[in-house]
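**Student:** What follows is the residue order along each chain.
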Amino acid sequence: MMILRESIVMKIHYGTALGAVFLTVIHILMRMTQDFHESLQYENVIANYQMIGYAIMLELLLILISVHGFNGLRVILLEMRQGPTYEKAVTYGCIASMAILIAYGSRTIIMTSMGMV
Amino acid sequence: MEKENKAKEGIKGWINPAKYGKFGIERFAWILMRITGLGLLAYFIGHIYETSHILDGKAVWDASLEMTQTTEGHIFLAIVIGMCVYHTGNGIRLMLGQMGYGLGKPGRPDYPYKPKSLNMKGKACIYATIGVAALAMWYGMAVMFG
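Here the protein sequences come in this chain order: W and S.
According to the numbering used here, the first sequence is numbered sequentially starting from 1.
According to the numbering used here, the second sequence is numbered sequentially starting from 1.
Pulled out of the complex, with its shape left as it was, chain S reads as follows (with noise of 0.2 Å):
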């Protein structure tokens, strides 16, 4: 039987930021986009479970909605919410650029041979979308702490 063909570095290749030679924000932006969604499937799952508690009463559900009442409670519902917009921005983003939107022109590729479609266009949404999820993240601990 043929072996098996395997992605030799695994999750040690997957969370390196530098893995092409230097540190690069759409490498980030990739690992963050990873991150941030494993931590929302995470959450969504701890969600339908907690909300499930509806089912067994009131005093129940009291007590696993006091989980989320306290300071660390609130601390954890801020993240989770700057890792939902941050995957929201991200996300769309990563769409337009597969649709061809802010890619620039093709071109010959001459040294130092810097890809088109990493270009300042792509950087600066990458920028504001982690702007806009620490945004977000204050607003939500606003509203949580209010």
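Chain W on its own, in the form it takes in the complex (with noise of 0.2 Å):
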């Protein structure tokens, strides 16, 4: 299995971080074009996920806040404890969360978008 360095991890966390903050921001902003409470009605939000370009938006800010998130996570874990074995079980542990997430997360985006609901 390809191991990738810790500094190039570092690369995907930070950069993973600045595209989160920009997507958050025009995800708020979604927010921001009717009334707060109005925006969020089951009608409103379906019309959101069913704007191809936003149910995009929203796939990628799922993937970059969960890699980001996940990799902090392992960061944090690393940092509190060390060792071969205990290293591993974080690092894999992590990875599996995230799968997990995203496929949860995407399963949501993917059957509103299309109209399953």
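FYI, nobody ran anything at the bench for these hints, they're computed from the structure.
Treat each hint with caution, since some may be false.
Selected chain W positions facing chain S (in silico; Cβ < 7 Å) [as the list claims (entries may be wrong)]: (1) Gly-15; (2) Val-21; (3) Phe-22; (4) Phe-36; (5) Tyr-42; (6) Gly-69; (7) Asn-71; (8) Ile-76; (9) Leu-78; (10) Thr-112; (11) Met-114.
Computed list of chain W residues with no C-beta within reach of chain S, every gap over 10 Å [to be verified]: (12) Glu-6; (13) Thr-33; (14) Ile-52; (15) Tyr-54; (16) Leu-60; (17) Tyr-92; (18) Gly-105.
All C-beta atoms in this analysis are idealised placements derived from N, C-alpha and C, irrespective of residue type, glycine included.
Two chains, two frames, a set of hints: combine them into the complex.
**Tutor:** Structural data, given as structure tokens:
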């Protein structure tokens, strides 16, 4: 299996952070296009998901935050304790959790944007 | 088999703001970065779960939305806004620091051995980030309670 150097992982960490900030601002601005409470009404949210550009943006945001968040968790856990077995368990655990979260979030985005609700 | 090398203090050392003698704002910023990171990850997982309720129809969506439409829900979201702004601002400061900006010129370590990287610029950025996070929380509250 290819092992990424920690310097590369940190570049990915910073890149995903900047990307996530940019897309989160757009995500929040979408709530500001109308009254905050109104924008969260069922019909409005469905309409948001069915805009293909916005759905793609949500998918990207999901991936960026998941990668950044679980890599951050991995870094925190490795700061607290070290050792080959522990480090492997933490790394694979974080990758698996990240994959599960991305899959679960993608299911919502894909099904809603395709009108399967 | 070689014994695993462990950070002996673990989480106790991690949350102690005065670990290196006295309380420092840089150490506080470091702790806050980790706490806000963990908080935001927990919120993100909850947010993904909450938004998945849209697949269960309008009634379930409205019921799950009602949880955040209370005073406690608004305060919780305001805290999330604060964590998000702090984590972003402090993250940008750290990225700039790792690129070498704002660290000062390297020099001979003389008594009292104050690290040049922990200078007023860094401290000011930390205080400004906390201030901006507080302002964002206030604005978020104004919108939500609006």
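**Student:** Name the hints, by number, that the structure is in violation of.
**Tutor:** Hints 1, 3, 7, 9, 11, 18 are the ones this structure does not satisfy, whereas the remaining hints hold.
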